[in-house]
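These are the residues of each chain, in order.
Number of protein chains: 6
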Amino acid sequence: MTIFVVNPNSSQHVTDGIDRAVEPMRGASPVPIATRTLVEGPPGIETQAHVDGVVGPLLAHCAELEEQASAFVIACFSDPGLAALREQSARSILGIAEAAILTAMTLGQRFGIVSILSKSVPRHMRYVGAMGVMDRLAGDLPLELGVQELADETRTFERLKVVGAALRDTAMADVVILGCAGMTPFRNDLEAHLGVPVIEPCQAATAMAIGRVALQQTR
Amino acid sequence: MTIFVVNPNSSQHVTDGIDRAVEPMRGASPVPIATRTLVEGPPGIETQAHVDGVVGPLLAHCAELEEQASAFVIACFSDPGLAALREQSARSILGIAEAAILTAMTLGQRFGIVSILSKSVPRHMRYVGAMGVMDRLAGDLPLELGVQELADETRTFERLKVVGAALRDTAMADVVILGCAGMTPFRNDLEAHLGVPVIEPCQAATAMAIGRVALQQTR
Amino acid sequence: MTIFVVNPNSSQHVTDGIDRAVEPMRGASPVPIATRTLVEGPPGIETQAHVDGVVGPLLAHCAELEEQASAFVIACFSDPGLAALREQSARSILGIAEAAILTAMTLGQRFGIVSILSKSVPRHMRYVGAMGVMDRLAGDLPLELGVQELADETRTFERLKVVGAALRDTAMADVVILGCAGMTPFRNDLEAHLGVPVIEPCQAATAMAIGRVALQQTR
Amino acid sequence: MTIFVVNPNSSQHVTDGIDRAVEPMRGASPVPIATRTLVEGPPGIETQAHVDGVVGPLLAHCAELEEQASAFVIACFSDPGLAALREQSARSILGIAEAAILTAMTLGQRFGIVSILSKSVPRHMRYVGAMGVMDRLAGDLPLELGVQELADETRTFERLKVVGAALRDTAMADVVILGCAGMTPFRNDLEAHLGVPVIEPCQAATAMAIGRVALQQTR
Amino acid sequence: MTIFVVNPNSSQHVTDGIDRAVEPMRGASPVPIATRTLVEGPPGIETQAHVDGVVGPLLAHCAELEEQASAFVIACFSDPGLAALREQSARSILGIAEAAILTAMTLGQRFGIVSILSKSVPRHMRYVGAMGVMDRLAGDLPLELGVQELADETRTFERLKVVGAALRDTAMADVVILGCAGMTPFRNDLEAHLGVPVIEPCQAATAMAIGRVALQQTR
Amino acid sequence: MTIFVVNPNSSQHVTDGIDRAVEPMRGASPVPIATRTLVEGPPGIETQAHVDGVVGPLLAHCAELEEQASAFVIACFSDPGLAALREQSARSILGIAEAAILTAMTLGQRFGIVSILSKSVPRHMRYVGAMGVMDRLAGDLPLELGVQELADETRTFERLKVVGAALRDTAMADVVILGCAGMTPFRNDLEAHLGVPVIEPCQAATAMAIGRVALQQTR
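For the record, the sequence lines run as chains E, X, W, L, U and D.
Residues 144 to 362 in the numbering used here are what the first sequence spells out, letter by letter.
Residues 144 to 362 in the numbering used here are what the second sequence spells out, letter by letter.
Residues 144 to 362 in the numbering used here are what the third sequence spells out, letter by letter.
Residues 144 to 362 in the numbering used here are what the fourth sequence spells out, letter by letter.
Residues 144 to 362 in the numbering used here are what the fifth sequence spells out, letter by letter.
Residues 144 to 362 in the numbering used here are what the sixth sequence spells out, letter by letter.
In short, the hints are calculated from the structure, not lab data.
Where is the CB? At the ideal position from N, CA and C, for every residue including glycine.
Hints are supplied without guarantee of correctness; some may be wrong.
Derived BS3-like pairs: lysine-lysine, alpha-carbon spacing no greater than 25 Å straight-line [as the list claims (entries may be wrong)]:
| id | chain 1 | residue 1 | chain 2 | residue 2 |
| --- | --- | --- | --- | --- |
| 1 | W | K262 | W | K304 |
| 2 | L | K304 | D | K262 |
| 3 | D | K304 | D | K262 |
| 4 | E | K304 | U | K262 |
| 5 | E | K304 | E | K262 |
| 6 | U | K304 | U | K262 |
| 7 | L | K262 | L | K304 |
| 8 | X | K262 | D | K304 |
| 9 | L | K304 | X | K304 |
| 10 | E | K262 | W | K304 |
| 11 | U | K304 | W | K262 |
| 12 | X | K304 | X | K262 |
Stretch-level coverage of chain L by chain W, calculated; a stretch enters the list once three of its residues show a Cβ under 8 Å from a Cβ in chain W [as the list claims (entries may be wrong)]:
| id | segment |
| --- | --- |
| 13 | 164–175 |
| 14 | 267–281 |
So, partial list: chain L residues that the calculated Cβ filter (under 7 Å) puts toward chain D [said to hold, decoys possible]:
| id | residue |
| --- | --- |
| 15 | Q252 |
| 16 | R253 |
| 17 | M315 |
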């Protein structure tokens with residue numbers, strides 16, 4: 144039995160980053176943790192159409208793995224297919240956005256979200272509303288960096304520090320969530336810089352999945 | 144230019160019912176109102192997987208109609224693809240659940256929803272939460288009738304009266320929404336029976352679409 | 144039968160502006176649209192006492208028009224008498240603030256309101272709270288311009304751009320509502336400048352009224 | 144200087160009941176407490192039109208008393224003119240519904256409201272929403288008794304016990320508010336019967352006004 | 144019978160300030176107002192451990208005073224032991240944070256809180272959430288001044304003006320609460336400077352307690 | 144390093160039950176799981192005074208274990224000392240109420256809580272409010288069973304079935320939380336009976352703690 148962390152975009156590069164993110168947890172997991180790339184997905188999930196469009200292939204992908212799976216983690220911050228996979232599967236199902244938010248709710252009273260682009264913010268707001276936790280949201284602010292700019296790590300980290308500080312000082316966030324599956328390398332440094340907990344969502348969700356595997360032993 | 148009311152399931156029978164629902168409004172619309180069946184859809188939209196699964200074909204269907212369209216109405220109470228179609232299209236886009244709820248908010252202070260099955264209620268709750276109007280919801284109660292039972296109109300109307308009265312008297316709803324695209328024939332009688340406004344969502348959304356076509360003249 | 148758009152202040156100048164605002168929609172309406180001035184109203188509605196004080200004359204005014212009316216639109220952003228007129232009249236009743244907010248909820252996830260003066264903001268907050276949509280509000284910011292300053296269109300538009308940008312960039316609004324019945328001439332330019340939908344409330348409410356007239360055909 | 148408790152309906156009988164309600168507090172008040180009847184008001188405030196319609200005369204009535212007043216209490220559970228009087232007057236202004244709700248928030252975690260008629264419930268819901276305290280509301284249930292039935296004290300008390308128990312046991316209210324200015328005589332017995340605090344709103348508001356008179360000494 | 148205002152920290156200096164804060168109200172109170180120092184408390188209540196830790200001694204302190212008490216006011220802005228004392232005592236129990244917030248809700252539509260330190264903000268947020276009034280909160284901003292800096296009155300007042308203005312102009316607060324028991328001397332000047340009501344919580348709670356003593360006469 | 148599950152009451156019998164609850168998870172945990180009894184606690188935590196009163200000894204108890212601890216779980220459904228322990232300790236800190244609620248939020252859209260006694264419900268409501276998740280609460284209903292009645296397992300299970308069904312069918316809960324640390328033996332049977340997930344809070348929190356231990360490897 145395995146925890147499958149499924150990247151619903153087709154970028155192996157992103158999956159590799161997720162794998163590195165969860166690598167340190169493997170020794171503490173009672174079951175293997177495997178990362179997967181949804182080859183049918185788009186190179187990146189940037190629009191609501193991408194979010195909705197990957198659900199079908201994601202469900203099919205997970206259906207094939209059902210018998211081998213202890214849990215599934217959907218590794219995209221829009222949590223595509225989360226409700227649908229919960230209806231389909233008998234396993235523990237976690238989405239990285241939901242898990243990051245629930246984790247943040249134990250580490251601070253008001254969470255801030257760092258988004259890549261402002262056009263994602265309305266999608267996040269719908270989701271925070273659907274989760275019923277709008278009163279815990281301090282703010283959601285974008286880096287507003289394009290793909291090429293994100294490739295420049297120095298620049299990205301500078302923006303992370305500026306946006307994180309705005310969330311902490313203006314929006315009064317006392318915990319910050321990285322609103323994207325690909326910012327793991329910055330987490331520790333950003334947390335040290337800001338002085339408040341910074342949550343990497345793939346790690347938060349996989350950690351929660353490990354707990355669920357343990358919880359399954361009580362059934 | 145046309146208002147397209149798209150039934151995202153493949154049942155022509157359902158589309159015919161929607162067509163009858165909007166028929167009386169055609170004389171008051173500045174543009175034609177056309178109903179469409181999404182042949183790629185499932186026979187009925189019953190699960191979250193169905194909801195997410197029709198988005199791709201629905202977007203493609205609407206993309207082809209874009210140049211002829213004044214507005215699109217998505218005629219399924221789960222509003223599949225609403226956010227995605229808004230990102231894709233330059234037309235006015237309405238979903239029947241959203242439009243029914245917004246209409247209800249002008250006809251009463253707390254709306255009740257009549258669902259077909261209890262398993263739809265959590266999906267509705269996520270949606271009411273995403274809309275940020277949970278404080279206006281009185282309750283969401285299911286008929287709990289299967290497809291065959293729904294075919295019995297007498298029985299269906301009896302359940303509608305019981306559930307509607309529970310929403311009005313116990314949940315204190317002062318306006319009731321039919322939470323499904325196929326209950327038009329019962330609307331007038333149920334409203335007369337309950338003594339509070341009863342909203343048929345396809346009609347509410349198409350009415351709103353007619354308004355939007357007028358509003359487009361101001362641009 | 145007619146849609147009556149009633150300006151509850153006594154300024155014919157304001158009514159003329161409202162008439163120009165709805166003029167482009169007349170061709171798309173199944174019934175005539177008539178604007179009315181409430182001669183018993185104050186020259187402008189600036190205080191809560193004004194809001195409450197016009198309700199009596201407004202109800203009387205509309206009672207006389209009841210038999211000729213398809214719908215009434217109350218054309219003041221405080222929606223004076225909205226609930227009372229709904230109790231009194233059998234027609235469709237819309238208020239421009241409520242209709243603008245409901246329309247905004249279909250065009251973006253978080254709406255910002257541009258108020259004329261900061262002293263109106265608490266009144267708006269009570270209203271947004273009564274509507275139960277506080278989680279959809281991004282912010283409400285004042286132009287803080289007096290009557291004479293508002294007469295200077297260049298200056299007014301400058302302030303609109305500044306306040307609109309603050310709502311969009313700081314409060315993260317993705318749709319902006321003009322919180323006053325008299326800013327129609329700026330709508331298109333402000334929308335072009337901001338790059339997010341800008342809603343003129345008289346137009347939004349009248350559009351919704353047109354839809355309601357169509358909806359009445361289904362009864 | 145005097146605390147004026149103004150009954151905005153024209154019924155001297157109701158004012159007399161309010162006077163008896165506040166009579167026991169006179170000895171504990173630093174200033175006289177005077178009750179007033181708004182002769183321009185309707186015999187009873189039953190509709191939103193009544194609520195809005197009394198604001199003008201109420202403001203005039205209070206303006207004349209301004210110089211003699213320490214505080215005004217508006218003694219109708221719809222709090223007519225509360226916001227307007229706060230804008231007009233320099234005195235402490237309290238409404239009996241608002242004061243009863245704020246008092247309830249210190250005596251229990253979820254308050255129930257006993258209304259006379261179900262048609263008042265939507266008006267109350269708008270108000271609880273405008274106050275931003277919907278999460279503290281357990282429920283609002285009507286006695287559904289007409290004027291003549293209310294004259295029968297035995298019957299009224301029976302209904303109060305039934306509705307109060309429903310609020311306590313089904314809606315899980317741990318404090319109950321009498322949602323009307325005229326139920327003082329039942330308060331003590333109902334509280335004894337239900338075993339949870341029961342709030343009479345005229346008393347709650349006048350008590351708060353006494354506190355405000357004391358608070359004014361710090362300015 | 145006496146209103147006891149209990150300072151749950153052991154600083155007599157703080158108690159003396161509270162005594163001066165309530166001194167002007169003594170003449171308007173039907174019973175004596177006595178201030179008390181909880182000698183078992185810490186010198187200042189700065190952490191959640193302090194808040195929880197004083198509850199036991201506070202309950203014991205108040206139990207001894209029960210027979211002499213009309214009401215108790217807990218004079219620390221974290222309202223330590225409020226719910227517990229309400230369970231233990233038959234008297235009216237008020238906390239200065241709760242009372243200040245409820246008072247603010249009658250003086251403005253959105254309240255701002257001035258905290259001493261940012262580390263108190265999450266504690267306040269939990270409390271505002273538990274009160275169910277998050278929609279009425281404009282913001283909570285810290286002075287971020289240490290004990291020594293607070294001793295410099297000029298500097299403290301400068302910060303109060305800056306933070307108060309930020310709450311008023313950026314967060315759109317129309318009433319400001321001093322989120323600490325020791326800022327009484329600044330209240331009047333800050334209110335004059337800001338032009339919106341400023342609430343000193345010990346005074347607000349004691350005023351409310353005076354009202355409750357009057358209300359007890361109706362039982 | 145160890146996960147310490149601390150029962151803050153002094154009943155070894157309760158601790159033994161908790162130990163049996165978490166026993167099946169030990170094989171899946173990367174570190175030992177030890178249960179502890181707070182000997183300074185009361186025999187049962189039934190009042191707010193008990194909740195507040197155990198915080199001091201609990202903090203001291205945990206401070207001694209800090210160096211050996213990976214995580215602490217506070218095993219009482221009132222989560223006494225949760226915020227204080229988070230301020231004091233550098234370890235992962237979980238409370239069983241918070242963890243049960245967060246877990247429920249991934250297994251259903253609206254959670255119901257089964258309380259032992261109705262007098263706990265207001266305390267739970269304050270907590271659900273402080274967590275900001277009131278919109279996800281379906282209801283909180285009491286078994287209303289005393290200690291002796293609880294000793295009768297047949298009777299207790301009968302009440303659990305009745306109350307659970309009321310939460311599911313009337314309050315429309317789609318996940319149920321056992322609102323007490325001592326109902327583990329009923330969980331599986333109740334879940335089978337109700338057909339919706341039933342959460343035992345000690346297990347939920349310990350599972351989450353196991354995840355956090357894994358997450359700590361990424362730091």
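Each hint tested on the structure:
This hinted pair checks out: K262/W and K304/W have alpha carbons roughly 20 Å apart, not beyond 25 Å. With a C-alpha separation of about 20 Å, the suggested pair K304/L and K262/D falls inside the 25 Å cut-off, and the hint holds. Proposed proximity of K304/D and K262/D is supported: the alpha carbons are some 20 Å apart, at most 25 Å. Between K304/E and K262/U, the direct Cα distance comes to roughly 20 Å. Compliance with the 25 Å bound is thereby established for this hinted pair.
Our distance criterion of 25 Å between C-alpha atoms is met by K304/E and K262/E, whose separation comes to about 20 Å. Straight-line distance between C-alpha atoms of K304/U and K262/U comes to about 20 Å, which keeps the hinted pair within the 25 Å bound. The hinted pair formed by K262/L and K304/L meets the criterion: a straight-line CA distance of about 20 Å does not exceed 25 Å. The suggested pairing of K262/X with K304/D holds, with an alpha-carbon distance near 20 Å, which does not exceed 25 Å.
Restraint check for K304/L and K304/X: the C-alpha separation of about 29 Å exceeds 25 Å, so the hint is violated. In summary, the hint linking K262/E to K304/W is supported, as the alpha carbons are separated by about 20 Å, within the 25 Å threshold. For the proposed pair K304/U and K262/W, the alpha carbon gap of about 20 Å is at most 25 Å, so the pair holds. Between the alpha carbons of K304/X and K262/X the distance comes to roughly 20 Å, so the proposed pair stays at or under 25 Å and holds.
Counting residues of the segment 164–175 of chain L whose C-beta lies closer than 8 Å to any C-beta of chain W gives 0; at least three are required, and the coverage claim is violated. Counting residues of the segment 267–281 of chain L whose C-beta lies closer than 8 Å to any C-beta of chain W gives 7; at least three are required, and the coverage claim holds. Annotation: interface hint on Q252/L holds; nearest CB of chain D at approximately 4 Å, less than 7 Å. Taken as an interface hint, R253/L checks out: its beta carbon lies about 6 Å from the nearest beta carbon of chain D, inside 7 Å.
Look at M315/L: its Cβ gets to within about 6 Å of chain D, closer than 7 Å, so that hint holds up.
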